[in-house]
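Number of protein chains: 2
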Amino acid sequence: MSDPLDTVFAALADPTRRAILSMLLEDDMAVTDVAEPFQMSLAAISKHLTILTRAGLITQEKRGRVKWCKLDPDAMKAASVWMQSFGQFEPVNLDSFERFLEQELAPPDTKPLTE
Amino acid sequence: MSDPLDTVFAALADPTRRAILSMLLEDDMAVTDVAEPFQMSLAAISKHLTILTRAGLITQEKRGRVKWCKLDPDAMKAASVWMQSFGQFEPVNLDSFERFLEQELAPPDTKPLTE
DNA sequence: TCTATATTCAACCAATCGGTTGACGATTTC
DNA sequence: GAAATCGTCAACCGATTGGTTGAATATAGA
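These protein sequence lines are chains B and P, in that order. If you count the first sequence from 1, position 34 lands on 34 in this note's numbering, and the numbers rise without skipping. If you count the second sequence from 1, position 75 lands on 75 in this note's numbering, and the numbers rise without skipping.
Calculated directly from the structure, the hints in this document are not laboratory data. Any given hint could be a false lead.
[What the hints assert, rightly or not] Output of the computed footprint for chain P on chain B, the stretches with three or more beta carbons under 8 Å from beta carbons of chain P:
#: 1; segment: 9-23
#: 2; segment: 67-81
[To be verified] Label-pair restraints from in silico Cβ distances:
#: 3; chain 1: B; residue 1: 47; chain 2: P; residue 2: 2; range: 36 to 46 Å
#: 4; chain 1: B; residue 1: 2; chain 2: P; residue 2: 2; range: 16 to 26 Å
#: 5; chain 1: P; residue 1: 15; chain 2: B; residue 2: 43; range: 27 to 37 Å
#: 6; chain 1: B; residue 1: 62; chain 2: P; residue 2: 36; range: 46 to 56 Å
#: 7; chain 1: P; residue 1: 53; chain 2: B; residue 2: 3; range: 14 to 24 Å
#: 8; chain 1: P; residue 1: 44; chain 2: B; residue 2: 2; range: 17 to 27 Å
#: 9; chain 1: P; residue 1: 60; chain 2: B; residue 2: 42; range: 37 to 47 Å
#: 10; chain 1: B; residue 1: 41; chain 2: P; residue 2: 42; range: 20 to 30 Å
#: 11; chain 1: B; residue 1: 65; chain 2: P; residue 2: 15; range: 38 to 48 Å
#: 12; chain 1: P; residue 1: 74; chain 2: B; residue 2: 15; range: 13 to 23 Å
#: 13; chain 1: B; residue 1: 2; chain 2: P; residue 2: 32; range: 24 to 34 Å
Just so it is clear, CB atoms sit at the ideal spot from N, CA and C, and this is done for glycine as well.
The whole structure should be built from the sequences, with the hints applied where relevant.
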């Protein structure tokens with residue numbers, strides 16, 4: 001009924017949810033740990049996590065009494081591809097972005113020093 | 001007050017607004033012409049257009065009694081770059097990603113040459 | 001078994017959203 | 001000047017959103 005892009009973009013529109021995604025970029029986390037840095041209730045964070053899950057941006061797996069949250073970048077990639085179709089991004093130089101990523105993803109010993 | 005990403009993603013979350021953006025990809029259009037293919041009132045489309053404008057996704061310029069709508073890909077670019085960071089997994093160094101963004105989003109005359 | 005921890009559920013709330021309608025101001029055209 | 005066109009404004013509506021609280025459900029550990 002509703003385009004997956006609806007739910008993905010709607011999920012990304014909230015700063016709390018984007019912050020959660022950034023946290024999960026570094027490591028998988030339990031719900032309680034996700035909630036810790038925020039000033040809202042655990043229930044509120046739990047709702048944010050189900051929204052992210054339904055959007056396909058994360059997956060949740062229960063092990064014991066702990067539910068682990070894991071980034072799932074596929075849905076974001078779909079949205080990203082949609083946005084690319086507005087491709088006149090010339091000024092922002094996706095080329096140099098790719099070079100940046102290549103650098104970042106290279107094995108550590110091939111990386112040029114940045115400091 | 002609110003992160004520009006909030007308004008950009010929120011604007012993109014509505015299918016009508018995404019359709020409008022796709023239409024504007026082909027050519028600039030007057031408000032009435034934007035509204036024509038949709039089954040909702042002109043006033044509704046007008047609201048959608050102000051949301052897109054506030055998000056920075058389009059610009060509107062009035063000439064005579066006609067208001068022309070034009071795609072403005074800069075805001076989308078910022079959102080797109082934000083999303084790119086999730087496409088590739090773990091090893092992305094967020095610190096240097098931020099440095100990259102500062103560089104990219106800086107005024108052109110302050111940018112170091114990349115070629 | 002009793003208790004503490006992890007998470008969700010259910011009910012509620014105010015604010016926002018996406019739509020409508022009708023009136024209105026500005027501009028063009030006859 | 002009168003009439004038609006372009007677009008927004010204002011008020012209203014029902015549905016959704018983002019948050020709260022308190023109770024409920026699992027699971028783990030003593």
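* To do: Run the structure past the numbered hints and jot down the numbers of the failing ones, going up.
  => 3 and 10
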